[in-house]
Structures are given as C-alpha cells and as structure tokens.
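We have chain A already, so just place chain B on it with the hints.
One letter stands for each residue in the lines below.
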Amino acid sequence: MTPMLAILDVVSIKYYLILSAFLFTIGVFGVLFRRNAITIFMCVELMLNSVNLLLVAFSTYHHDASGQVFVFFVMAVAAAEVAVGLAILVTIFRNIHSVDIDDLKALKN
Amino acid sequence: MSLVEITFLILSVIAIGSALMTVLSKNPIHSAIYLLICFSSIAGHYLLLNAQFLFIVHIIVYSGAIMVLFLTTLMLLNLNEETEQHKPAMARLGALVAAIILGLVLVAAVSKTATLMPMNNNTVDIGSIKALGKVLMDEYFYPFEFISILLLSAMVGVVLLTKKEKTAVA
Chain A
892 MTPMLAILDV
902 VSIKYYLILS
912 AFLFTIGVFG
922 VLFRRNAITI
932 FMCVELMLNS
942 VNLLLVAFST
952 YHHDASGQVF
962 VFFVMAVAAA
972 EVAVGLAILV
982 TIFRNIHSVD
992 IDDLKALKN
Chain B
6 MSLVEITFLI
16 LSVIAIGSAL
26 MTVLSKNPIH
36 SAIYLLICFS
46 SIAGHYLLLN
56 AQFLFIVHII
66 VYSGAIMVLF
76 LTTLMLLNLN
86 EETEQHKPAM
96 ARLGALVAAI
106 ILGLVLVAAV
116 SKTATLMPMN
126 NNTVDIGSIK
136 ALGKVLMDEY
146 FYPFEFISIL
156 LLSAMVGVVL
166 LTKKEKTAVA
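Residue numbers (this note's numbering), protein chains in the order written: chain A, 892 to 1000; chain B, 6 to 175.
Keep in mind the hints are simulated off the structure, nothing from the lab. Warning: the hint list may mix true and false statements.
[Claimed, not checked] With a Cα cut of at most 30 Å, we get these calculated DSS-like pairs of lysine-lysine:
no., chain 1, residue 1, chain 2, residue 2
1, B, Lys92, A, Lys996
2, A, Lys996, B, Lys169
3, B, Lys168, A, Lys996
4, B, Lys31, B, Lys92
Please read all numbers here as calculations on a predicted model, not as lab measurements.
Looking at chain A on its own, in the form it has when it is part of the complex (with noise of 0.2 Å):
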C-alpha cells in the first residue's frame, strides 16, 4: 500500500481554520446583507460546509474517524433542512407572492 499524502505536514492545521472562519464570515453576511430567502438558504449552506471542511481536517489531525461520521451526519441533516425549508419558501411564494424576507411580516401585526 501506498503511504498516504500526509497534507497536514505541508499545510498548517491554522491554514484550515483561518479558511473555515473567512467561508464562515462570508456566510454570516450573506445572511445579513441579502434579502431573497433563496439566497439566504445558500449562504447557511455556505456556513455549513465550512463547520464541515474544519471537522474534516482536525479528523485527519487527530487521526480519528469519527469526525467524518459527524460530516456525514450533518450533510445528512442539511438535505432534509433544505427541502423542508424550500418546500415552506414555496408554500410562502403561492400565498404571498414573494419570498422577500421583509415582505414576511404577518406575524409582526
């Protein structure tokens, strides 16, 4: 067997988390500086994957499997987010017309 390339050698563990905190960042303001809620499913994803990628890498730092299962879990849960929170964006859009999230004030009276 082939000896495995060894990233975490030549790439600094710090490297990941500064690239998981921007992506993460980048998220955060998307969420607060779009106003489609569309969009804004994108950038939690965004959030999301960045958690994703530092699991990934501290799994392969610490050598254990069990931060992939994790990733795997929260791929898992993020596909059933997203459907059920597309499918209320639809139910929303039918009714109102839009998916505006400062058009969704019904409950602000």
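Same frame as chain A, but now just chain B:
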C-alpha cells in the same frame, strides 16, 4: 512551495472567491452556480485531506441533490430576473461591519490559539469507505438509523407542505 501547498492555495482562493460571488451577485441563479463552484473546491479540500468517502458523498449530496433543489425552486418561482430589491444602505453597511468584526474576532482567536494536542502521525487509512463504514456501524449505529427516520419524516413533511389544499371548504 510544493505542489500540495499550491493546490491548497488555489482551492482556497477559488472557495473564498466563489463564496463572495455567491453573496454579491444579483441574479439568484448566478449565486447558485457560484455556490456550486464553492462546493466543488471544498470537495477538492476533502480529497487533499484523504477523506475519499466524504469527497464522493459531498459531490453527490451537494453538487447533485441540493443544487438541483435550489435551481428547481428558483425556476419554479421564476426568480431568474433580477427582481430583488436591495436592503436599505444602512442595513447593508451594518451587515458589512458586523461580518468584518466577526471575521476579525474569529481570525484573531484562531491565530492566538496554542496547539494543545500534537498531530497524530498514524498513516492508517481512515477516510475510505471500508474504514468509515466500520466506525459508522460499530459506534454510530443508532444515530445512523435515526438519520433514516429524519429523512423519511422530512420527505413526508415536504409532500404535505407543498400539497395544494383542495378540500379546504369541505
């Protein structure tokens, strides 16, 4: 610089750039396409980290299923025109400032942390389907089964939500 470092750098630049374009492009379809590029570069990172199984699953779930869901919904709702109005300038400025401060705090906290545990230099493969499947079935068997219940209930919920109520009066 070695080849690995260059690959890491290119993938990171693509990931951050396309993530920014996801947020900043006006057309939601373009946002979805940029998000696809971002997910693909994150999949490349998984491959660099020796997580082959997660690489495949990531491609299938994100680039396949979730992007198809997003694009189908965008086309269903006919949002491909640039109909979105922007938030007021103050709200956008506030969002920018909040994000920059969050980024500063995260990067500062990360760069000041000391390494508590040394890196484990074991070279046994943990990212392959065989190794991950063993862990999944040994240690995480019940969560794995609960995931199937979650996905089933999500599917039922989606069908129930999007069904038109024809018999509302009766």
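Numbered hints the structure breaks, given as an ascending list: Structure breaks no hint.
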